[in-house]
Amino acid sequence: MPKIEVNEQLFYSLVGRRWNSRDEFEEVLTCAKAELDEDSDKSLPESERVLKIELNDTNRPDLWSTAGVARQLRIHSGGKRPKYPFFTRPEAPGSTGGPVSGSVGGSAAKVPAKDSPFRVVVDPQLREIRPYIAAFVVSGKAIDDAQLKDVIQTQEKLCWNFGRKRRSIAMGVYRTSLIRWPVRYTAADPDGTKFIPLGMDTPLSLREINQQHPKGQEYGYIVADFPKYPYITDDNGETLSYPPVINSARIGAVQMGDTELFVEMTGTDMETLTLAVSMVACDFADAGYQVVPVTVEYPYDTPFGRSITFPYYFQKPTFCSLQRVEKFLGQALTGAECVAALERMGCGAEEAVDSETGTAEKVPGVRVYPPEYRNDFLHAADVVEDVMIGRTLASFSPLKPRYFTIGRLTPITLFSRKVKELMVGLSYQEMIYNYLGSRRDFVDRMRRDGFTAVRISNPISENYEYLRDSILASLLMSESISANAVFPHRIFEVGKVAYRDETENYGVKTRQNLGFLHASPDANFNTLSSQLQALFYYLSRGYEVRELEDPRFISGRCAEILFQGKGIGVFGELHPQVLEKWGVTVPCSACEVDLEALL
Amino acid sequence: MDIQTMVKNLHPLEVRIIRRYGRSDELTIEKVEADLGFKSGNGNQALSWLAAKGLVTELRRETRVFYELTDLGHRWKTEGTPEERLLRLLNKKEALRLPEIAEALGIENKDVGSAFGALSKFGLVVMDGAKRVALAAAAELMENGLPARGEGAQKLSVVRGLLEKAAAAEGAVLADEALDEAEKVAMAGIAKKRGAADAAFRILERETVVYGLSSESVAVAQALEAAGITGDEIGTLTSEILSQGGWKGAQFRAYNVHVPPSRLLIGRSNPYAKFLEDVKDKLVSLGFEEFDGSLVETEFWNSDALFMPQFHSARDIHDVYYVAEPTKARSIEEPWLSRVAAAHENGGDTGSRGWNYTFDREFTKRLILRSQGTVLSARQLPTAKVPGKYFGIARCFRYDRVDATHLSDFYQTEGIVLGEEVNLRTLLGFLEMFAREVAGAKEVKYVPGYFPFTEPSVEVHIKHPVLGWFELGGSGIFRPEVTKALGVDVPVAAWGIGIDRMALMALGLNDLRELFSYDIENVRLRRANEAAR
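In order, the protein sequences belong to chains A and B. The first sequence lines up with residues 1345 to 1943 when you count with the working numbering. The second sequence lines up with residues 12 to 544 when you count with the working numbering.
Source of the hints: derived by calculation from the structure; they are not laboratory data. Computed from a prediction, not measured in an experiment: that's the story for all the values here. Heads up, some of the hints might be wrong.
Stated by the list, open to error - Capping the alpha-carbon separation at 30 Å, the derived lysine-lysine pairs in BS3-like fashion look like this:
hint : chain 1 : residue 1 : chain 2 : residue 2
1    : B       : 42        : A       : 1509
2    : A       : 1347      : A       : 1538
3    : B       : 396       : A       : 1347
4    : B       : 132       : B       : 204
5    : B       : 293       : B       : 339
6    : A       : 1396      : A       : 1538
7    : A       : 1347      : A       : 1424
8    : A       : 1671      : B       : 19
9    : A       : 1485      : A       : 1572
10   : B       : 176       : A       : 1744
11   : A       : 1386      : B       : 456
12   : B       : 293       : A       : 1671
13   : B       : 453       : A       : 1744
14   : B       : 203       : A       : 1744
15   : B       : 474       : A       : 1347
16   : A       : 1762      : B       : 396
17   : A       : 1396      : B       : 474
18   : B       : 42        : A       : 1386
19   : B       : 453       : A       : 1762
20   : B       : 195       : B       : 166
21   : A       : 1386      : A       : 1427
22   : B       : 293       : A       : 1762
23   : B       : 339       : A       : 1840
24   : B       : 166       : B       : 176
25   : B       : 396       : A       : 1671
26   : A       : 1501      : A       : 1386
27   : B       : 474       : B       : 285
28   : A       : 1744      : B       : 132
29   : B       : 19        : B       : 42
30   : A       : 1396      : B       : 456
31   : A       : 1744      : B       : 474
32   : B       : 293       : B       : 259
33   : A       : 1744      : A       : 1762
34   : B       : 293       : A       : 1840
35   : A       : 1671      : A       : 1427
36   : B       : 104       : B       : 42
37   : B       : 42        : B       : 195
38   : B       : 285       : A       : 1840
39   : B       : 396       : A       : 1840
Construct all of the structure, not just a fragment, from the sequences and the given hints.
Here it is as structure tokens:
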């Protein structure tokens, strides 16, 4: 869950109000599913104070910026929904003339594509490499330190979390004053193309940047296998950047005081990219900048056509019935109440009679128009949650459930309890162990070959590489570190093991076993035999024994436990080599039984 | 210690000493054991105890000397001393040089030398000009080779006597005070304190302590007499005493009830395991039915069936462990596979527009170690009863470095509620019940939450008397993309409680790793913390 650092002064100026106490503020943050991770240091001057906020909703990337959280809080607390007149909308007939920028219905202000002074032209070769680019220009005000920090943070959070580590979104910001239009998004020769990247002072080729520049080492792999790499220049051939890796040191180095900025994003999914651009544009607009659209000309088809002017509103409305709202919230709400709640969440909404996706019947409900910076309504259920938060969760009182069901434990749990009780009666101490361990512990030290154990292909360390297939190793681990505990040691565990089994769909079987170990100068086969007899007697299960050769046990001092003719367990005196490998110098006898087989 | 307490704490051995002797008596271990018929060692013990209590005092220490027969001494007794053997040899042979004698007798040259010296002083042997040794003309030997009369005879026979007596004595030890003057002189020549390998006797010094009853003992003796305590009270009550009536009229020794009892090693359940079973019982009492499943699962049930898109960053958040072999399940059950795939791609018939990507039917079969308890809820949906309530306490695995707040594998407590009356408000009602009944909380609050598979989602926070507010768990109404795809038409609430944190509080621990401690002594001594609840 992303954590962001928010300049306190900037934040509160965007929200437009403050709250009286930290508690109150934290409660208000819940409408954004946010938590105050760390309050600001009050000893610093106001302009330097920073709040740390943690965001919990991975479907709301618009909240991962200072302006985004501020906007949510502002509107939810009664502020007006903002107008964003710089958006373009689809021209196709029948497209919803739905609300954009704080008004319901009607058509929104459009900047005709041909009037936009800023254009980007795309190279056809990029279709197979990194096909999409979206962009806009920001002007009207000099960028200050707080805003610059915020832009960089947004870039990071968005591209890392939402953009899957720059794979589906990478963002660049540039100084427009140095750009000759149109900007060209091309596919360039990795070796022949050179420029001075940000952070260095000599020109490197794109491939060299991958090898030598830290950002190249981090992100170069995304495009490294292609014959050509993405590359952005202006009309003069001056380098803007090599996406998704690094800006140029000249045009790509935004500084405090710059008044006109060009923001672009490249990526592999058009909707994700377009939404990301919309979010960042709205953030700038909230901060008082003017957003000027940019038209991108594609030589191939995209989901939104071949000539698109960004920021672009592509979101579709979602219809949710009042029936659903009542059914899922447990409270009957009128259409007007729902609309009001949705508006407090920044959405446009209107009462309507329509049918939900996948149903035919037309019913009363609300039609929701996502705000420009959101696209998280996949199902009418998403509308219900926004209504809930819009009205605040506290407005819903808990209702005691009325209907009756019978509770019960699984047969294996009940049987295991009987077994545990008897083991305690046999003076054994119950233990509870981790199921992950090392090869050394589960295989090598047990004189086994490890073929039946389940191995993890991406363990965090070799200490947690295997899933245990027997409880005996865990018991021996206890024994090996408990030489100072008063003897005798009698320990047991009822727990799960897993082992490979070809006959299973998963190729692995999970079982609940009993494992117990007796360590003492007089821990021998006979003592264990007696304990086993007592255990099975009181479990009312008959059993037989048969000699068994098992490398973990001393030959001739090991037996298999048979239940209804099948082998379901083993017991005996542990082999001195096993004890030696564990560093145990007290004789041990042990037993393991598959409890599920006894059910 | 006051008299009465002292009297109660006296051992019968001590009692008998105090009652038998007076202040003028001199007590040693030997005397006490002999007079009172104590077993060996009891005299020492009783006097030590009395000394510690100040009832006897040490009058003096006497050092007594003893002589212990060494291995060499034993050989001398059996084979003869060097002097005796030299005489016997010369009795048979004419004359020999000292080295020849040494060789013949198997004795060191220096020992032969000193034997010759001693015998020659007694006039029993002589050496000629050619350094040959022979019996003196005047020497008269008996049949056994020993001299018949004279100083030499006397001296040799004293030594012989010492050897014989020692060999026959208990412990092969002779007391110095039991020797006469002649014996003492002879002994001085053949006994050594150290280097006993080359002496016939080893000198031992033993200290005997002589005790006397102290002035404090007088009052104690009187109190014992007044109380009628003789030291003959019954210790262990045996079957014999019972059946023969020996207890009638007899007194019983009292136990000192303040002595700390010795520790017992008992069989016992593990407090953490017990805690989990108690939680299960509470949930059963709320009408929930238990479920569990395989530790190894597929991406399908663990995540895809919960409508988490295969590309979503939420999937990275709790990275999973992958199984090395086999890597995939053989198949995923239909119709669930197709229905879930459709839900992801375009919403299927769940009423959603879906995630709009191509669902990877190979990736979905990948085998992993289950990372969340919600996998069990997903698995239950196709066969769940309506109305129905289910729960499980499941061992789950996540890719996380192990430390005080993270484990390699841990428990999650999860469950679902299905029914027509399931909605946000009844969900809040359930959460309140969990908070009160399972966690024992008095104050509860709700916060909007986020989970990829529920909408709406709610977190429940409770107030702990010491730690303040913290998140007890999360919940929500399953998204229709989850329930409808798996064949369920009614609303389903899903909930999860952070059980390990509750366990830490209940057991008074701070570090999650201690819940799974391998240390036997640690586990033996751990008890539930009653105050924490």
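Here is how each hint holds up against the structure:
1. Only pairs whose Cα atoms come within 30 Å are accepted, and residue 42(B) paired with residue 1509(A) is rejected, the gap being roughly 95 Å.
2. Taking the CA atoms of residue 1347(A) and residue 1538(A), the gap is near 36 Å; set against the 30 Å cutoff, the hint is violated.
3. Distance hint between residue 396(B) and residue 1347(A) is unfulfilled; the C-alpha atoms sit about 41 Å from each other, more than 30 Å.
4. A C-alpha spacing of about 26 Å is found between residue 132(B) and residue 204(B), which places the hinted pair at or below 30 Å, so the restraint holds.
5. For the proposed pair residue 293(B) and residue 339(B), the alpha carbon gap of about 37 Å is over 30 Å, so the pair is violated.
6. Distance restraint check for residue 1396(A) and residue 1538(A): the Cα-Cα separation of roughly 40 Å exceeds the 30 Å cut-off, and the hinted pair is therefore not satisfied.
7. Restraint check for residue 1347(A) and residue 1424(A): the C-alpha separation of about 27 Å stays at or below 30 Å, so the hint holds.
8. Using a Cα cut-off of 30 Å, the hinted pair residue 1671(A) and residue 19(B) is violated, with the two alpha carbons roughly 81 Å apart.
9. Among the hinted pairs, residue 1485(A) with residue 1572(A) is inconsistent with the structure: their alpha-carbon atoms are about 38 Å apart, more than 30 Å.
10. In summary, the hint linking residue 176(B) to residue 1744(A) is not supported, as the alpha carbons are separated by about 102 Å, beyond the 30 Å threshold.
11. For the proposed pair residue 1386(A) and residue 456(B), the alpha carbon gap of about 29 Å is at most 30 Å, so the pair holds.
12. For the hint linking residue 293(B) to residue 1671(A), the alpha-carbon distance of about 29 Å falls within 30 Å, and the restraint holds.
13. About 17 Å separates the Cα atoms of residue 453(B) and residue 1744(A), which keeps this hinted pair within 30 Å; it holds.
14. Straight-line distance between C-alpha atoms of residue 203(B) and residue 1744(A) comes to about 98 Å, which puts the hinted pair past the 30 Å bound.
15. At roughly 25 Å between alpha-carbon atoms, residue 474(B) and residue 1347(A) fall within 30 Å of each other, so this suggested pair holds.
16. Between residue 1762(A) and residue 396(B) the CA atoms are separated by roughly 28 Å; this keeps the pair inside 30 Å, and the hint holds.
17. Distance hint between residue 1396(A) and residue 474(B) is fulfilled; the C-alpha atoms sit about 24 Å from each other, no more than 30 Å.
18. Between residue 42(B) and residue 1386(A), the direct Cα distance comes to roughly 88 Å. Violation of the 30 Å bound is thereby established for this hinted pair.
19. Under the criterion of a C-alpha separation no larger than 30 Å, the hint pairing residue 453(B) with residue 1762(A) is inconsistent with the structure, at around 34 Å.
20. The suggested pairing of residue 195(B) with residue 166(B) holds, with an alpha-carbon distance near 12 Å, which does not exceed 30 Å.
21. The hinted pair formed by residue 1386(A) and residue 1427(A) fails the criterion: a straight-line CA distance of about 34 Å is larger than 30 Å.
22. Between the alpha carbons of residue 293(B) and residue 1762(A) the distance comes to roughly 19 Å, so the proposed pair stays at or under 30 Å and holds.
23. Taking the CA atoms of residue 339(B) and residue 1840(A), the gap is near 22 Å; set against the 30 Å cutoff, the hint holds.
24. Using a Cα cut-off of 30 Å, the hinted pair residue 166(B) and residue 176(B) holds, with the two alpha carbons roughly 16 Å apart.
25. A hinted pair counts as satisfied when its Cα atoms are at most 30 Å apart, and residue 396(B) with residue 1671(A) qualifies at roughly 20 Å.
26. Taken as a hint, the residue 1501(A) and residue 1386(A) pair is honoured in the structure, with Cα atoms around 26 Å apart against an allowance of 30 Å.
27. Note on residue 474(B) and residue 285(B): the hinted pairing holds, with a Cα-Cα distance of about 24 Å set against a maximum of 30 Å.
28. A C-alpha spacing of about 121 Å is found between residue 1744(A) and residue 132(B), which places the hinted pair above 30 Å, so the restraint is violated.
29. With a C-alpha separation of about 26 Å, the suggested pair residue 19(B) and residue 42(B) falls inside the 30 Å cut-off, and the hint holds.
30. For the suggested pair residue 1396(A) and residue 456(B), the alpha carbons sit about 23 Å apart, so the restraint of at most 30 Å is met.
31. Restraint check: the Cα-Cα separation between residue 1744(A) and residue 474(B) comes to about 21 Å, which is no more than 30 Å; the hinted pair holds.
32. About 57 Å separates the Cα atoms of residue 293(B) and residue 259(B), which puts this hinted pair outside 30 Å; it is violated.
33. Distance hint between residue 1744(A) and residue 1762(A) is unfulfilled; the C-alpha atoms sit about 35 Å from each other, more than 30 Å.
34. With a C-alpha separation of about 23 Å, the suggested pairing of residue 293(B) with residue 1840(A) holds against the 30 Å cut-off.
35. For the proposed pair residue 1671(A) and residue 1427(A), the alpha carbon gap of about 34 Å is over 30 Å, so the pair is violated.
36. Between the alpha carbons of residue 104(B) and residue 42(B) the distance comes to roughly 55 Å, so the proposed pair goes past 30 Å and is violated.
37. Annotation: proposed proximity of residue 42(B) to residue 195(B) holds, straight-line Cα distance about 26 Å (limit 30 Å).
38. Note on residue 285(B) and residue 1840(A): the hinted pairing holds, with a Cα-Cα distance of about 16 Å set against a maximum of 30 Å.
39. Between the alpha carbons of residue 396(B) and residue 1840(A) the distance comes to roughly 27 Å, so the proposed pair stays at or under 30 Å and holds.
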